[in-house]
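> Listed below, chain by chain, are the residues.
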Amino acid sequence: MKRRSSDGAPVVPDATFTSYYGRPVVKPSPWEKDIPAYLFLGGMAAGSSLLAAGADGTDRPSLRRAGRLSALFSIALGFIALVHDLGKPSRFVNMLRVAKPTSPMSVGTWILSVYGPAAGLAGAAELPFLPQFLRRLLGPFVRPAGIAAAATAPAVASYTAVLLADTATPAWNSARRELPFVFVGSAASAAGGMGMVLASTSDAGPARRLAVAGACVELAAEARMEQSMGLPAETLRNGRAGQLMRAARALTIAGAAGALMGTRSRVLSALAGKALVAGSVCTRFAIFEAGQESARDPKYTVVPQRERLDRR
Amino acid sequence: MGQLSGPDPHVASNAGWAETPSRKGFFTDTSVCIGCKACEVACKEWNAIPDDGFNLLGSSYDNTGALGASTWRHVAFIEQPRRFGEQQTFFDQAPTDSRGDFRWLMSSDVCKHCTHAACLDVCPTGSLFRTEFGTVVVQDDICNGCGYCVPACPFGVIERRTGPAETKNVGIAQKCTLCYDRLDAGHMPACAQACPTESIQFGDLDELRVRAAARVETLHEEGVSDARLYGEDPGDGIGGAGAMFLLLDEPETYGLPPDPVVSTRDLPQMWKQAGLAALTLLAGAASAFIGRRK
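If you read the sequences in order, they're chains A and B. Residue numbers for the first sequence follow my numbering, so the first one is 1 and each next one is one higher. Residue numbers for the second sequence follow my numbering, so the first one is 1001 and each next one is one higher.
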């Protein structure tokens, strides 16, 4: 069974390869939109906790508040998405039966079980409708919780890249070197963007700097990743994933430019911040979709493996 | 973390079993498979697997498609305009000249029960475990259906079962158990028991390897030069399979990956990259707060 590229007009020359009636060799993940949404929300939460802790230490109250609230809502929504995606949501607690370093999902569960309560506590203290007695009760724990959340945040932002890469999904596995950098960059630009939207312009300086630095890391790592992935990089350029990736790039560049220019304008700053957040969403969905597509088309499994064998 | 790749002759005891029988597995000799699908049926009957669809796929006699949550044995059918070894077909004496050489490949695929099983490595609940026989089995009452094992498997074997809510084990990962319950009682797996040509052979993995090597040699002597073994080499990317095959063409012809590698092999490097990225984020966030306030 010789089979040509599925989408008619391939960018690179056709790779001829053999497959079983064009059927997939590996299975795409059964994950739905919950998982790319969580990838974004986890990154947003992590970056926000870092900004909040820095703002707390440097007396920037509106940025601290923005960061803690953004972290609280992001991680809560992310947690809901994770449980919702399970085949048996009622068995969520089974994740806590074991601690397995060979399972990035197990490692992530334990990271989240430290990060989640810490970010939750710090965020709860910023809720406007919190009763006074609760506020007093939480009082002494809020700053330590914020610091604990910030300390675990980098792990929250980066482990998801290992989670995707540690699979037989060609686009994710071949991206294993650069994907963590794409994800932390995306987390920083999203959280910075959210800080620019929510905090006062006088407090938002660090959010702008984090957003611009994150955008640069994300764009550079993504470009490098497409170079090193080999054939599966096609899935980041074609189809729906390609559209999302182009949108992500445009939004991230526009947002970073806006962040650099609109330092005094609240309107421009908020607009740029929203573009960065949207860019991060698009990046996560693009990488997720690319992986699914790379698993559905046997070309991306067979051709790189055949080339590897032929080199031996 | 234990051993993540390479040969591992003591896979069950390394998984924590104190006393282990010799490692069990399959040798599927596709050169004698007649495509009767008795293995598919016996597997479904014994393991009480729900139906996987009554479809006509238009791929020779294969209307099953692929291994999956409700398909633990899958017979592949491949029609090729080639001769089987030095077989005399007499097609050249046929009344029409439109017929040429022809051979029909059939192969019963199954979970490979890898020495380094990615599904087991990445399972976050401990539902997937290594049995005393060295096989890999899902514990139905523990799996929470996270689905991570599905993209992890380099062979596309394990799958999360879908269907109406009343379907048995719906929502959780399912695959071949190498009939763990039958092994415990001293029986061979249902598919091997049902196979009428001994294409599916069950036994001690060490012995099966010897048998497989002898069989491929015999076939080569008889002129079937394209016979080759698949999954028998402990030096391969999965540390050798618990279910090996004798194939008559390249693995990808049968829908098998030509050079499978357990992704966990590279996990230490992946964690290192993630650690570097995490430090980059921490440093970036810290330096965002350095500088004059405006």
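Among these hints, one or two may not hold up.
Claimed, not checked - Straight-line Cα separation of at most 27 Å, BS3-like style, residue types lysine-lysine; simulated pairs:
(1) A:K33 with A:K88
(2) A:K33 with A:K274
(3) A:K100 with A:K88
(4) B:K1044 with A:K88
(5) B:K1272 with B:K1168
(6) A:K100 with B:K1272
(7) B:K1168 with A:K33
(8) A:K88 with B:K1272
(9) A:K33 with A:K100
What the hints assert, rightly or not - Here are some, though not all, of the chain B residues that point toward chain A, as calculated from beta-carbon distances under 10 Å:
(10) M1188
(11) V1261
(12) G1284
Don't read these hints as lab results, they were simulated from the structure. Predicted model, so just to flag it, every value in this text is computed and none were measured. C-beta: ideal position from N, C-alpha, C; glycine also.
> Against each hint, give a clear statement of whether it holds in the structure.
Against the structure, the hints:
1. Proximity of K33 of chain A to K88 of chain A is assessed by CA-CA distance (about 17 Å); at most 27 Å being required, the pair is judged to hold.
2. Simply put, K33 of chain A and K274 of chain A have alpha-carbon atoms about 21 Å apart, close enough for the 27 Å limit, and the pair holds.
3. Between K100 of chain A and K88 of chain A the CA atoms are separated by roughly 20 Å; this keeps the pair inside 27 Å, and the hint holds.
4. Restraint check for K1044 of chain B and K88 of chain A: satisfied, since their Cα atoms lie roughly 23 Å apart, inside the 27 Å limit.
5. For the proposed pair K1272 of chain B and K1168 of chain B, the alpha carbon gap of about 41 Å is over 27 Å, so the pair is violated.
6. For the proposed pair K100 of chain A and K1272 of chain B, the alpha carbon gap of about 17 Å is at most 27 Å, so the pair holds.
7. Between the alpha carbons of K1168 of chain B and K33 of chain A the distance comes to roughly 26 Å, so the proposed pair stays at or under 27 Å and holds.
8. Only pairs whose Cα atoms come within 27 Å are accepted, and K88 of chain A paired with K1272 of chain B is rejected, the gap being roughly 32 Å.
9. A distance of roughly 26 Å separates the Cα atoms of K33 of chain A and K100 of chain A; the hinted pair therefore holds under the 27 Å criterion.
10. A distance limit of 10 Å between C-beta atoms decides the matter here; for M1188 of chain B the minimum to chain A is near 28 Å, and the interface restraint is violated.
11. With its C-beta approaching chain A no nearer than about 8 Å, V1261 of chain B sits inside the 10 Å limit, and its interface hint holds.
12. Because the closest C-beta pair between G1284 of chain B and chain A is about 5 Å apart, less than 10 Å, the hint holds.
Hint compliance for this structure: hints 5, 8, 10 are not met, and every other hint is.
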